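Asks: Each chain is listed here by its residues.
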Amino acid sequence: MPLAKWWDRARELPGAPRTRGLGLTAEDWSRCAADVAASGGRLLAMWASECGDCDNGATIHAAFLADRGVLVIELSVSGARAPAAEPFDYPGIESLFPCASRMQRAIFDVSRVRSSDPDRRPWLRHPPEGPELVRVAGEGVHEIAVGPVHAGTIEPGHFRFSVVGEKVLRLEERFGYTHKGVERRFTELPLLEGHRLAARIAGDSAVAYSWAYCQALEGMAGCAIAPRAAALRAILLELERIANHLGDVGALANDAGFAFGLAQFSRIKEELLRALSHAFGQRYLLDAVVPGGTRGDVSAATAESLAARIIAIGKEAAELRAIYEEHSGVRDRFAGAGILTPALASRLGVLGLAGRASGQALDTRIDFPSAPYDKLPPARILRQEGDVAARVAVRFDELAESCRLVESLLGSLPSGAHLGPIRVPADGSFATGLIEGWRGPVFVALEAGPEGRTRRCHAHDPSWQNWPAIEHAILGNIVADFPLINKSFNLAYSGVDL
Amino acid sequence: MLKTLRKICQVGVVSEAAPPPDELLRARAALDESIRSVLGRALCIRHVDAGSCNGCELEIQALNNPYYNLEGLGIRFVASPRHADLLLVTGPVAANMEAALRLVYAATPDPKLVVALGDCGCTGGIFGERGATRGRVSNIIPVDVAVPGCPPSPARIIQGILTAIAGAGRAPA
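Listed in order, the protein sequences are those of chains A and B. Okay, so the first sequence: first residue is 274 according to our numbering, each after it adds one. Okay, so the second sequence: first residue is 8 according to our numbering, each after it adds one.
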């Protein structure tokens, strides 16, 4: 059946634009997933929620990015399965979408409903004896174990390299170290306060998460935000993108042995953070987006000085980019390292920045825009090479484009309120949020409980899709290039550990 | 190369003076004077993310930017707890990081200092202390100085570090 038939059957969902939901039987669940895969759709997120009307049951949800929009399919599973007769609760979709495997393992750890995936190793629940990993045997093969505590100032995770000489034969990632029970914590917070927790799922993507959460909340409450609030949120989101890209392009040069790049870009990033602190009262924008709009407004004078700062940053970044491009040592380390081919990126469903460096054009700001991006579409940035150099180039291009967007938005801020009233949504409401953060699309699915309580909130980071790609991109490279390749993706740990 | 050198000269030195220690951040009695005099000149820090959202990590990374220039104070980050004098610990301690945090603490040579960072490190923050999280860092290992903030600014982090190595009312050597 063509995907259009499923789409036409589905009901409109509030929140993120062009999003529909459809409850299915187990048979149709597998068929629909196959039709999405056949039409070139991608898996956006998977999660389970407790079933309202059956004991120990659950509803499994899968959200897909298809041509027409986001399709959320739901499958109710009863918890009353006889373990011997039926070894699983629902049909897994990992053979269609390889990135589903870890999501299905995490769903079992959190909600105790099992997919048909033969890989049943726990993901978030760590066994006391340590992780069970796939071993590589052969003459001269040895393992290098890295983490969870790393040598640098980064988040904790475990990487197991199987190498021969210096060459990587296999990498297996093991995460879940920063698992904090975020999804349960959401259910303890009122709906109108959940944005604060959303912002702290991955602190570097606070605006993307809190906006996605608020988009879902405002959608289910039927409250549209004012044009000024939407413009301010986009400014905040692009500033978050600029800050992260500045940090990354500097750190990447440093990993390639060019400390000048880190010194310069970390200085420019600091100057941006100070400007943010002046304009919004925070260096990192953890509390800037609130239900109904934004916490603060910017005065005309602040908008002008912030725009001047952004113009200066854009100029300096372009100047430094030219230095990078002329530096033979940097070029040599970046080019050809950690290649992720477009074919593999497509098969793995890689999203966001890393996808756009490997020929995957999707940018939800352009393809599924919410205000103000519908009126101010960003230029599409795309590379085909898929190496570290391509991921650096995408960052530089996006940095320049975000500077343009911020400047344009600051120069044409709509008048009106930055914050509007918000109603408490009705019990049982369901809505989603979808915002293109600097790593890629951040997705939030929110379900309201009685009296303004939260029944379920799942927040999904694009790192779920992109982490497995690093296991492939490193193959055949030398161990010493791993920090560089890993940094070129710069994926979230806390964002996927939840 | 010329462009690189020109840029370095244009920017010049932007480093700022470090803030003074702040005794209000101290959670435990200061180290003995004789120990402090040894640590004062060069301090090695091992950072441990015990469950942070990565917000505190970004501000720790900022300590080495040219404005804060932490290495200019003789303080540097090292790759192993075995080389460290001070542990800088972030996050509400995730249950899955508890064992790693204890191991890191045990691997750090005496006298070891611990600075807990951020609202989560100080109190458990928005994540609290339940189920998958063990809450504040001092629930797992002894903490000398606790620096609140979400995330704390680089200047506050430096104050926390300097407070840990300084005695009451005494600037670091």
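Honestly, the hints are just simulated from the structure, not real lab data. Check each hint, because a few of them may be wrong.
[What the hints assert, rightly or not] Simulated crosslink set (EDC-like; lysine to aspartate or glutamate; CA at most 16 angstroms straight-line):
1) Lys14/B with Glu589/A
2) Lys14/B with Glu592/A
3) Lys648/A with Glu599/A
4) Lys278/A with Asp340/A
5) Lys10/B with Glu592/A
6) Lys440/A with Glu461/A
7) Lys14/B with Glu599/A
8) Lys10/B with Glu598/A
9) Lys588/A with Glu544/A
10) Lys588/A with Glu674/A
11) Lys440/A with Glu416/A
12) Lys440/A with Glu674/A
13) Lys10/B with Glu599/A
14) Lys440/A with Glu680/A
15) Lys10/B with Glu589/A
In this text the structure is predicted, and so the values were computed from the model without any measurement.
Asks: Next, verify each hint and record whether it holds.
Replies: Comparing the hints with the structure gives:
Note on Lys14/B and Glu589/A: the hinted pairing holds, with a Cα-Cα distance of about 10 angstroms set against a maximum of 16 angstroms. Only pairs whose Cα atoms come within 16 angstroms are accepted, and Lys14/B paired with Glu592/A is accepted, the gap being roughly 9 angstroms. Taking the CA atoms of Lys648/A and Glu599/A, the gap is near 37 angstroms; set against the 16 angstroms cutoff, the hint is violated. Taken as a hint, the Lys278/A and Asp340/A pair is honoured in the structure, with Cα atoms around 13 angstroms apart against an allowance of 16 angstroms.
Between Lys10/B and Glu592/A the CA atoms are separated by roughly 9 angstroms; this keeps the pair inside 16 angstroms, and the hint holds. A hinted pair counts as satisfied when its Cα atoms are at most 16 angstroms apart, and Lys440/A with Glu461/A does not qualify at roughly 48 angstroms. The straight-line distance between the Cα atoms of Lys14/B and Glu599/A is roughly 14 angstroms, inside the 16 angstroms bound, and the hint therefore holds. For the suggested pair Lys10/B and Glu598/A, the alpha carbons sit about 12 angstroms apart, so the restraint of at most 16 angstroms is met.
Between Lys588/A and Glu544/A the alpha-carbon distance is near 14 angstroms, which keeps this suggested pair within the 16 angstroms criterion. For the hint linking Lys588/A to Glu674/A, the alpha-carbon distance of about 12 angstroms falls within 16 angstroms, and the restraint holds. Using a Cα cut-off of 16 angstroms, the hinted pair Lys440/A and Glu416/A holds, with the two alpha carbons roughly 11 angstroms apart. The straight-line distance between the Cα atoms of Lys440/A and Glu674/A is roughly 37 angstroms, outside the 16 angstroms bound, and the hint therefore fails.
At roughly 10 angstroms between alpha-carbon atoms, Lys10/B and Glu599/A fall within 16 angstroms of each other, so this suggested pair holds. A C-alpha spacing of about 46 angstroms is found between Lys440/A and Glu680/A, which places the hinted pair above 16 angstroms, so the restraint is violated. Annotation: proposed proximity of Lys10/B to Glu589/A holds, straight-line Cα distance about 12 angstroms (limit 16 angstroms).
Figure legend: structure checked against the earlier numbered hints; hints not met, in rising order: 3, 6, 12, 14.
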